[in-house]
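So the sequences go chain by chain: F and U. At position 138 of the first sequence (counting the first as 1) the number is 138 in the numbering used here, and the numbers step up by one without a gap. At position 9 of the second sequence (counting the first as 1) the number is 9 in the numbering used here, and the numbers step up by one without a gap.
Any given hint might turn out to be false.
[Said to hold, decoys possible] Only pairs whose alpha carbons sit at most 16 Å apart, straight line, appear in this in silico EDC-like list of lysine to aspartate or glutamate: (1) F:K136 - F:E106; (2) U:K144 - F:D156; (3) F:K12 - F:E131; (4) F:K274 - U:D101; (5) F:K9 - F:D47; (6) F:K152 - U:E135; (7) F:K109 - F:D164; (8) F:K109 - F:D52; (9) F:K67 - F:D94; (10) F:K136 - F:D47; (11) U:K144 - U:D101; (12) F:K152 - U:D101; (13) F:K199 - U:D149; (14) F:K9 - F:E131; (15) U:K18 - U:E104.
In case anyone wonders, no lab produced these hints; they're calculated from the structure.
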Amino acid sequence: MSREDQLRKRAKELLANKEVAMVLGYRAGKRPGRATPAFVTRPEDADILIFDDRCGMNLAAYLPRVKHRGRIAVVAKGCDSRSIVTLLKERQVDRSQFFILGVGCEGVKENGRLSDSCTTCAYPNPVICDEMVGEKVAEREPAPDPLADFEKLSSDQRWQVLMDDVSRCIRCYACRQVCPNCYCPTCFVDANSPQWVGKTTAGSDNMMFHLMRAMHMAGRCVECGACSRGCPMGIDLMKFNRKVARVVRERFGAVAGLDPDQPPALAAFDPNDKQEFIR
Amino acid sequence: MPEAAAADTTAGGAFEPKIVAFLCNWCSYAGADLAGISRIQYPPSIRVIRVPCSGRVDPFYILKALQKGADGVLVSGCHPGDCHYLTGNYVARRRFAVLNDLLEFAGIDPGRVSFSWVSAAEGERFAEVVRDVTEQVRQLGPNKKLLKDTIA
Chain F
1 MSREDQLRKR AKELLANKEV AMVLGYRAGK RPGRATPAFV TRPEDADILI
51 FDDRCGMNLA AYLPRVKHRG RIAVVAKGCD SRSIVTLLKE RQVDRSQFFI
101 LGVGCEGVKE NGRLSDSCTT CAYPNPVICD EMVGEKVAER EPAPDPLADF
151 EKLSSDQRWQ VLMDDVSRCI RCYACRQVCP NCYCPTCFVD ANSPQWVGKT
201 TAGSDNMMFH LMRAMHMAGR CVECGACSRG CPMGIDLMKF NRKVARVVRE
251 RFGAVAGLDP DQPPALAAFD PNDKQEFIR
Chain U
1 MPEAAAADTT AGGAFEPKIV AFLCNWCSYA GADLAGISRI QYPPSIRVIR
51 VPCSGRVDPF YILKALQKGA DGVLVSGCHP GDCHYLTGNY VARRRFAVLN
101 DLLEFAGIDP GRVSFSWVSA AEGERFAEVV RDVTEQVRQL GPNKKLLKDT
151 IA
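One chain only, chain U, in its complex shape (with noise of 0.2 Å):
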């Protein structure tokens, strides 16, 4: 994928990364909603894709939007305790402790890949997790580790 391999960049010629986020349904996509009808302005970098719960995300979706070409993804779901299904995120959490340990031992940069709880009701931290992810891929530069076609 020749386009999605080349680096985003604004008119000004500044990087603007691509993330890929995974939002949860019942906390973080409403939160972000929330963000939307708040009208809180935020960079326009993430592609959202809604999931049941953060515990429906496999690690491997994770690594497949880094090889597409993503340069961040974020994965966001309800607060500790607060899971619609009870513990979906407690299970999730373990999987992102080991996935996060993993890349890091791997030397993918970590920031990379970020984690965050955010509520239904935390429009305004939504805006603010999306601003310092967006900053801190964008520190971090393309994506160029595991994506695939740029390593032989």
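Only chain F is shown next, with the shape it has when bound in the complex (with noise of 0.2 Å):
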């Protein structure tokens, strides 16, 4: 039986038990090549229910807004499974509302090539799950650090680069709507009382918006690049990430959506964390 099938016999057995009340996955979108989430209620449903290298959005966005509708199973790659355990971190999820279905990932396709994200994935497979549909993939090996030319550019340089992408930001805020991290009730962007974030697309106002959707996600991306694939614009949003995932595993020893049990990096705190920066 192939893993598909596997997830869809599963899934009917969950709906027919009353297991849950929900299966939360991917069906095949409008256009080829691309993947939508799939919210199945009733057995009969469960055929839709689809999973390849179409399947880039991360799932555990949807959990916080679909929670109220009773237990949930959702399907979960490497990735999706880590942004679950950041919710259960921070406390946005429980985990008993969940059945996880994890399934192991070769790699989203984006245009038709692997994803830039998951050219650096280390967590194919789930990091939590309750049954693992499909066998577990092999784990490939990480591509060298993906900010290595950026950094060996001039400071000026470098905020020319990140200047003349993040110009091009129209502030649609797809970053924001696709990230499992942004579940705020009023996003820091939204607030107009007081008005932290300039509503323009100005140069400054974009770099403002992209700094501290950066600052945000430190110590809670996973890197699953569900924000740069759903940027309208193509603005390299990993760049951001990825730097500061890689500020908080080398100053704190934490990498985000491994353990339940550790509190985000950010809302923690080692007396002898590095200081060398303060006078």
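Two chains, two separate frames, one set of hints: put the complex together.
If you want it as structure tokens, here you go:
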């Protein structure tokens, strides 16, 4: 039985036995090469579920929004499962609310090519799950440091490269909408009393938005790349994400989304944290 | 804000930086106060904003100050272990570490944003920190990056 058949069979069983109220998975999108989330509530609908290299969205993003529907079974690849761990850490969801159907992931495709975020993926298999569907996949050798070339540039050149990139931002906030970390009832970009972030798409306001988005990802982002793939302007959001993830890893020895019992890195501290930058 | 964007200059024409200083109520603000009542001289470059704790300083405040025309930002709190709220500055330290590295990565000159620990008893040290930071920002010149209106 193929992995997809197994997935459909288990989804059917879970729904028919009333173990879950909904299966959250993927279905084929309207356009070729794209998948879209599927919210399956009837056993007979389970046949629409798919899982392959089209399934790039991070389904953990939907969990805080559908948890009121009852117990949910969710299809989770490595990165989705790490995002679920992040949500558990931050007490946005309760472990008993979910049945995690883990799937190994060979990387997702974007415009026919392996997505950039998947080239550095170190966790293709779920870090937590209730049941694996199909076999675990072999861990791949992550690509060498994708920031190395950028960091060789001078300070002014780095600024210019990032500025050219974020200047294209149209502030649609698609990156926020697809992100499982962005569950705040009022996002800082929407708050208007006081209004923190300028609403214009001027370079300065865009840079403020992107720097603060990166700050909010520190110690929480699992580098799934959903934001980069979701960006209609093709902005390299992963550059910021990778940087903050690396700072957190190197300074605090913490990797996001692995251990539900560890607090988020920026909500904790070690009295011996390095402070060479403080006078 | 054109008037904020214009660089301050002294009568001699030398660049005088505007520095926004976030000082924690319990240590650094009192340290600044001690510097004042002890009549210790330091450059009048800082604009002090008193905050309850360095942990109250959202990285956004720092960026916002730069966006709105500050040439530099100084954040100062209690020494580690001396926080009035016990652990506020430890948590803040992690945030500042990430911000510091992120700004450097983004090409904002290191030195625009400074962090320090100054206790209520360190009036002379406070003056020294302000002197150092002012000189550092003076070397960097007026803040152009991130400033609104100057970049399209």
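Between the alpha carbons of F:K274 and U:D101, is the straight-line distance 16 Å or under? holds, 12 Å
Given the hinted pair F:K136 and F:E106, is their Cα-Cα distance within 16 Å? Holds - the C-alpha atoms of F:E106 and F:K136 are around 10 Å apart, at most 16 Å.
Straight-line alpha-carbon gap U:K144 to U:D101, limit 16 Å: violated, 19 Å
Taking 16 Å as the top limit, are the C-alpha atoms of U:K18 and U:E104 close enough? violated, 20 Å
Is it true that the CA of F:K152 sits at most 16 Å from the CA of U:E135? This hinted pair is violated, its Cα atoms lying about 28 Å apart.
Taking only the CA atoms, is the gap from F:K9 to F:E131 under or equal to 16 Å? holds, 13 Å
Checking one constraint from the list: CA of F:K152 to CA of U:D101, max 16 Å. Satisfied? The given pair, whose Cα atoms are some 15 Å apart, holds under the 16 Å limit.
Verify the proposed pairing of F:K9 with F:D47, using a straight-line Cα cut of 16 Å. With a Cα-Cα distance of about 8 Å, the restraint between F:K9 and F:D47 holds, given a limit of 16 Å.
Would the pair F:K12 and F:E131 pass a check requiring their Cα atoms to be no farther apart than 16 Å? Satisfied, since the Cα-Cα distance of roughly 15 Å is no more than 16 Å.
Between F:K136 and F:D47, is the straight-line Cα distance small enough, at 16 Å or below? violated, 23 Å
Within 16 Å, alpha carbon to alpha carbon, are F:K67 and F:D94? holds, 9 Å
Restraint status (C-alpha distance of F:K109 to F:D164 at most 16 Å): violated, 26 Å
Consistency note: the structure conflicts with the earlier hints numbered 6, 7, 10, 11 and 15.
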